[in-house]
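Chains U and W are the protein sequences, given in the same order.
Here the first sequence is numbered in my numbering, starting from 1 and rising by one per residue.
Here the second sequence is numbered in my numbering, starting from 1 and rising by one per residue.
Keep in mind that the hints were calculated from the coordinates and are not lab data.
Fair warning: there could be bad hints in the mix.
No copy is singled out in the list; a pair is fine if it fits within one copy or between any two copies.
[To be verified] Below, computed lysine-lysine pairings styled on DSS-like, alpha-carbon distance capped at 25 angstroms: (1) LYS80 - LYS188; (2) LYS190 - LYS80; (3) LYS203 - LYS255; (4) LYS320 - LYS281; (5) LYS281 - LYS203; (6) LYS255 - LYS190; (7) LYS2 - LYS243; (8) LYS320 - LYS196; (9) LYS320 - LYS80; (10) LYS12 - LYS188; (11) LYS243 - LYS327; (12) LYS327 - LYS135; (13) LYS243 - LYS188; (14) LYS203 - LYS19; (15) LYS203 - LYS2; (16) LYS196 - LYS56; (17) LYS255 - LYS196; (18) LYS327 - LYS80; (19) LYS80 - LYS281; (20) LYS203 - LYS56; (21) LYS188 - LYS19; (22) LYS190 - LYS287; (23) LYS243 - LYS19.
Protein chains: 2
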Amino acid sequence: MKFIIERSQLIKSITIVQKAIASRTTLPVLTGILIETADESLILTGTDLELGIRTKVPATIYQEGRVVINARIFGDIIRKLPGDEVEITIEDNYHVNIVSDFSNFTIVGSAADDYPQLPTLESFQSFSIQTDLLKNMVRQTIFATANDETRPILTGELLEVEDGELSMVALDAYRLAYKHAIVDTQDKIKVVIPSKTLQEVVKILGDDGEPVLIQASSHHVRFELEDTEVISRVLDGQFLNYKDIIQSDHRLRVKVNTRLFRDSIERASLLARESRNNLVKLDISDKGMWIRSTSELGHVEECLPIELEGDDLLIAFSTKYLLDGLKAIDQDEIYMHFVSNVNPGIIRPVNDDWYTYLVLPVRIAD
Amino acid sequence: MKFIIERSQLIKSITIVQKAIASRTTLPVLTGILIETADESLILTGTDLELGIRTKVPATIYQEGRVVINARIFGDIIRKLPGDEVEITIEDNYHVNIVSDFSNFTIVGSAADDYPQLPTLESFQSFSIQTDLLKNMVRQTIFATANDETRPILTGELLEVEDGELSMVALDAYRLAYKHAIVDTQDKIKVVIPSKTLQEVVKILGDDGEPVLIQASSHHVRFELEDTEVISRVLDGQFLNYKDIIQSDHRLRVKVNTRLFRDSIERASLLARESRNNLVKLDISDKGMWIRSTSELGHVEECLPIELEGDDLLIAFSTKYLLDGLKAIDQDEIYMHFVSNVNPGIIRPVNDDWYTYLVLPVRIAD
Numbered sequence: 001m002k003f004i005i006e007r008s009q010l011i012k013s014i015t016i017v018q019k020a021i022a023s024r025t026t027l028p029v030l031t032g033i034l035i036e037t038a039d040e041s042l043i044l045t046g047t048d049l050e051l052g053i054r055t056k057v058p059a060t061i062y063q064e065g066r067v068v069i070n071a072r073i074f075g076d077i078i079r080k081l082p083g084d085e086v087e088i089t090i091e092d093n094y095h096v097n098i099v100s101d102f103s104n105f106t107i108v109g110s111a112a113d114d115y116p117q118l119p120t121l122e123s124f125q126s127f128s129i130q131t132d133l134l135k136n137m138v139r140q141t142i143f144a145t146a147n148d149e150t151r152p153i154l155t156g157e158l159l160e161v162e163d164g165e166l167s168m169v170a171l172d173a174y175r176l177a178y179k180h181a182i183v184d185t186q187d188k189i190k191v192v193i194p195s196k197t198l199q200e201v202v203k204i205l206g207d208d209g210e211p212v213l214i215q216a217s218s219h220h221v222r223f224e225l226e227d228t229e230v231i232s233r234v235l236d237g238q239f240l241n242y243k244d245i246i247q248s249d250h251r252l253r254v255k256v257n258t259r260l261f262r263d264s265i266e267r268a269s270l271l272a273r274e275s276r277n278n279l280v281k282l283d284i285s286d287k288g289m290w291i292r293s294t295s296e297l298g299h300v301e302e303c304l305p306i307e308l309e310g311d312d313l314l315i316a317f318s319t320k321y322l323l324d325g326l327k328a329i330d331q332d333e334i335y336m337h338f339v340s341n342v343n344p345g346i347i348r349p350v351n352d353d354w355y356t357y358l359v360l361p362v363r364i365a366d
Numbered sequence: 001m002k003f004i005i006e007r008s009q010l011i012k013s014i015t016i017v018q019k020a021i022a023s024r025t026t027l028p029v030l031t032g033i034l035i036e037t038a039d040e041s042l043i044l045t046g047t048d049l050e051l052g053i054r055t056k057v058p059a060t061i062y063q064e065g066r067v068v069i070n071a072r073i074f075g076d077i078i079r080k081l082p083g084d085e086v087e088i089t090i091e092d093n094y095h096v097n098i099v100s101d102f103s104n105f106t107i108v109g110s111a112a113d114d115y116p117q118l119p120t121l122e123s124f125q126s127f128s129i130q131t132d133l134l135k136n137m138v139r140q141t142i143f144a145t146a147n148d149e150t151r152p153i154l155t156g157e158l159l160e161v162e163d164g165e166l167s168m169v170a171l172d173a174y175r176l177a178y179k180h181a182i183v184d185t186q187d188k189i190k191v192v193i194p195s196k197t198l199q200e201v202v203k204i205l206g207d208d209g210e211p212v213l214i215q216a217s218s219h220h221v222r223f224e225l226e227d228t229e230v231i232s233r234v235l236d237g238q239f240l241n242y243k244d245i246i247q248s249d250h251r252l253r254v255k256v257n258t259r260l261f262r263d264s265i266e267r268a269s270l271l272a273r274e275s276r277n278n279l280v281k282l283d284i285s286d287k288g289m290w291i292r293s294t295s296e297l298g299h300v301e302e303c304l305p306i307e308l309e310g311d312d313l314l315i316a317f318s319t320k321y322l323l324d325g326l327k328a329i330d331q332d333e334i335y336m337h338f339v340s341n342v343n344p345g346i347i348r349p350v351n352d353d354w355y356t357y358l359v360l361p362v363r364i365a366d
């Protein structure tokens with residue numbers, strides 16, 4: 001195996017496939033990148049068995065072959081080499097000789113035969129979506145996935161396509177984030193994607209608005225973008241019926257400036273001790289919204305101007321869960337919908353029905 | 001106690017004094033900032049008993065007083081407040097009321113009487129130095145101080161003034177960094193300053209080249225810059241006689257490009273496993289300098305052009321200690337002076353006798 005490749009392009013490809021490589025693994029071969037020659041190009045593959053990334057990069061191939069190289073050391077070396085081009089030759093016993101300008105490295109590789117194959121999707125459904133729309137949908141929802149593994153299905157995010165509408169939903173025991181959009185397909189999809197997969201896909205997506213092809217089978221999801229494909233297993237189990245959770249009726253509706261409200265809740269959150277959440281109470285009336293918080297450190301109160309439709313209400317939330325949703329909203333103003341101080345609050349941008357954030361209140365003594 | 005202050009100025013002052021406040025301390029009062037009113041200004045003080053910082057900031061004083069406020073919570077609140085001005089009033093039981101625009105915080109402060117007084121210097125010697133020169137001297141030497149406390153004196157840096165010359169020296173068991181400069185004083189100073197003190201002083205110093213006044217007594221050192229003063233205890237004990245360590249004779253001298261050499265050593269360092277140093281061998285002859293490194297991960301060799309005066313030499317160094325010195329040098333070319341492969345190597349910028357870096361070699365089998 002022997003090839004010459006442009007160093008900057010190789011760095012880009014290594015950076016992409018490294019996203020699938022776990023920093024800790026009990027299987028040594030998974031610390032490596034699989035490198036294979038193809039027609040005037042290299043194929044690089046990285047996987048942690050749950051998530052796999054494969055990318056193609058142009059190269060001048062002098063001799064075909066395959067090898068596995070430790071991802072960290074390979075990436076570090078290629079990034080630091082002095083020349084614009086790199087010549088790589090696999091010698092006996094998988095010794096990888098790397099030459100660039102006056103620098104000459106030899107590192108120990110291993111056989112490609114032990115490297116796990118990425119799964120292939122059978123009988124899949126599919127659709128295409130613009131990269132920037134997909135990135136935005138993930139950004140506005142992914143933070144609401146559960147961190148703990150007590151209910152593994154909640155560590156993933158629901159991706160559902162039905163009647164030409166794409167829904168992405170993440171939720172844990174305290175809140176739910178829901179974003180939907182129109183997509184051009186009649187295919188029907190319902191999969192729960194591990195949040196790590198979506199995080200890595202978003203990092204790989206460029207900003208140039210090109211389309212991503214997404215394919216889903218009952219066990220896997222595949223993202224195809226230009227020269228790169230990401231294949232991930234999906235989570236088993238039944239996702240909660242989010243449509244039942246998001247009730248449409250409300251007894252009051254509050255319109256407030258997003259930034260003013262977010263900054264105010266951020267200040268209230270300062271009174272929490274390290275790693276502890278604190279409560280914020282919203283005292284809503286037609287005079288305005290009083291925001292109050294108290295802890296052993298002290299207390300704060302602020303009053304924001306609002307437009308209120310409906311009754312007065314005193315309701316309490318965790319500052320963290322409220323803030324997460326407010327940070328995901330780009331629009332200047334939001335509506336908050338409430339039924340009572342024991343029903344969830346529902347937050348939507350004004351003039352945008354595509355995003356919904358639902359957050360459970362904390363019960364307070366009267 | 002009551003005053004009104006510009007928020008941006010208060011933030012700047014809090015940021016300065018916070019540098020003296022330890023994140024963990026067994027003495028609760030040390031987590032606080034002492035705030036005192038003075039003539040049309042506030043005095044803010046922070047200390048960890050080893051290092052103390054005091055700064056003055058203009059304010060409109062309505063009622064005099066003193067109070068101690070938790071530094072973290074006070075800083076966080078002031079940084080996030082909505083208005084340009086802040087009105088602070090101390091109420092009963094040291095409750096600190098903070099009002100800015102529509103935001104109204106009350107946090108729990110404590111009595112100023114328990115706050116430790118910063119030491120005053122008696123019978124000190126002093127000199128002035130430009131901020132940028134002092135910053136550079138610290139940057140080029142401080143990394144060579146010892147991290148471990150087995151010999152506490154080596155965790156500090158020697159500051160010596162004699163015959164109008166300032167020397168700053170840091171060393172541990174493996175290397176020594178020495179920078180000197182001319183200063184306009186006939187005073188005589190010899191103190192060892194904790195490296196943390198110098199790190200914090202450098203962060204406080206601006207880039208505007210104004211002079212800093214440095215005063216030293218046998219127990220303390222004091223830095224005075226505009227509205228801020230930093231007072232630190234100095235380390236007890238005898239510093240090694242650095243002049244004896246830096247020998248002037250050599251049997252060979254190598255001239256090499258600083259950046260090429262540094263990049264080459266950085267590549268050699270990639271072959272070290274996490275948290276372990278590796279060796280680099282320099283094989284010096286009139287054909288060039290071969291740089292070679294080997295570990296269980298692989299090996300590298302590179303050859304750099306040099307100008308050699310003297311004999312051939314094969315000598316080995318820890319990549320880390322060599323790199324630390326090379327990173328401190330801004331000039332394009334360096335001289336390396338060697339006596340043998342068991343004597344320290346001495347590195348100096350070409351055309352600059354003000355900086356010396358000395359590094360011990362690692363013995364290698366022949």
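Going through the hints against the structure:
1. LYS80 - LYS188: Intra 47 angstroms, inter 47 angstroms, cutoff 25 angstroms: neither.
2. LYS190 - LYS80: Answer is neither: 44 angstroms inside a copy and 43 angstroms across each miss the 25 angstroms cutoff.
3. LYS203 - LYS255: neither (34 angstroms within a copy, 44 angstroms between copies)
4. LYS320 - LYS281: Within one copy only: 13 angstroms inside, 54 angstroms across.
5. LYS281 - LYS203: neither (37 angstroms within a copy, 40 angstroms between copies)
6. LYS255 - LYS190: neither (34 angstroms within a copy, 67 angstroms between copies)
7. LYS2 - LYS243: neither (56 angstroms within a copy, 54 angstroms between copies)
8. LYS320 - LYS196: Within one copy only: 21 angstroms inside, 35 angstroms across.
9. LYS320 - LYS80: between (41 angstroms within a copy, 16 angstroms between copies)
10. LYS12 - LYS188: Intra 34 angstroms, inter 57 angstroms, cutoff 25 angstroms: neither.
11. LYS243 - LYS327: Answer is within; shortest intra-copy Cα gap is 23 angstroms, inter-copy 59 angstroms.
12. LYS327 - LYS135: Within. Shortest intra-copy distance 15 angstroms satisfies the 25 angstroms Cα cut-off; inter-copy 39 angstroms does not.
13. LYS243 - LYS188: within (17 angstroms within a copy, 79 angstroms between copies)
14. LYS203 - LYS19: within (9 angstroms within a copy, 36 angstroms between copies)
15. LYS203 - LYS2: Cα proximity of LYS203 and LYS2: none, with 31 angstroms in one copy and 50 angstroms across.
16. LYS196 - LYS56: within (22 angstroms within a copy, 49 angstroms between copies)
17. LYS255 - LYS196: The answer is neither: 34 angstroms in one copy and 50 angstroms across copies each exceed 25 angstroms.
18. LYS327 - LYS80: The answer is between: 16 angstroms across copies meets 25 angstroms, while 38 angstroms in one copy does not.
19. LYS80 - LYS281: For LYS80 and LYS281, only the inter-copy Cα distance (19 angstroms) is at most 25 angstroms; the intra-copy one is 53 angstroms.
20. LYS203 - LYS56: within (17 angstroms within a copy, 46 angstroms between copies)
21. LYS188 - LYS19: neither (29 angstroms within a copy, 58 angstroms between copies)
22. LYS190 - LYS287: neither (45 angstroms within a copy, 67 angstroms between copies)
23. LYS243 - LYS19: For LYS243 and LYS19, neither the intra-copy (33 angstroms) nor the inter-copy (51 angstroms) Cα distance is at most 25 angstroms.
In summary, the numbered hints that this structure violates are 1, 2, 3, 5, 6, 7, 10, 15, 17, 21, 22, 23.
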